[in-house]
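Colleague: Sequence:
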Amino acid sequence: MLKRGTLGKVYDYYFNTPWDRNELRQAFRAFLDEKVSISEATEKIGIEHEGYFNEWFLYDYAWKDGTTTLEHFVRDNPLRLSTTEMVFYETLLKTNRYGLFEVLGIEPLTSMTLKDLQSGTKYTVAEVKATMHTPIKAVFFARVADVGGHYEMVGADSIILGSFGSGLKKVVRTWEDKLTPKDAHRIARANKK
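First residue of the sequence shown? That's 1 in full-length UniProt numbering, and the numbers climb one at a time after it.
Accuracy of the hints is not assured; some may be wrong.
[What the hints assert, rightly or not] The calculated SDA-like cross-link candidates involving lysine to any residue, where the alpha carbons are at most 20 Å apart (straight line), are:
1. 44 <-> 178
2. 129 <-> 109
3. 178 <-> 159
4. 44 <-> 30
5. 35 <-> 50
6. 3 <-> 80
7. 3 <-> 86
8. 64 <-> 23
9. 122 <-> 102
10. 94 <-> 129
11. 115 <-> 157
12. 182 <-> 15
13. 9 <-> 87
14. 182 <-> 43
Quick caveat, the hints were computed from the structure, so don't treat them as lab data.
The whole structure should be built from the sequences, with the hints applied where relevant.
Modeller: And the structure:
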């Protein structure tokens, strides 16, 4: 199980230290596709959708040098974590995958079998909460990664989009663009209106 606070350490470092406010402002602007201040951006995103930004900022936002926040964290080890602790973040960096996933099977309170609709790859993820309310064939955005020798969902909670017919699944397979929580946020905002 993903230890509580493991990713929080990274967020705390990048959000609460004056490392580079301009970079953070750029990230908010890129996420919303508009020129806003940090405070305006946090208000527009809202508490209910901040998980999408946080996840995107960690895994997908490209800094000026082209690397992601997680890549920076692994490369620089700013918290001076032990080599053993850093293995977790290195594995997370190498194995995380974001996309539209379809639920193929559920083992209540234990796991779910998911299929990445873009790549066709299947994952069995250790999961408790989502096994109780997610129906078979449901499609939702998620991020999966190896967490200590097994896969788990390691991103923000997402909305269930319903089930996709075979035609729509074929369309998703042809998408070449990488999906990110920015896409899920757009759908969630449109859904809210």
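Colleague: Hint numbers the structure violates, sorted upward?
Modeller: 1, 10
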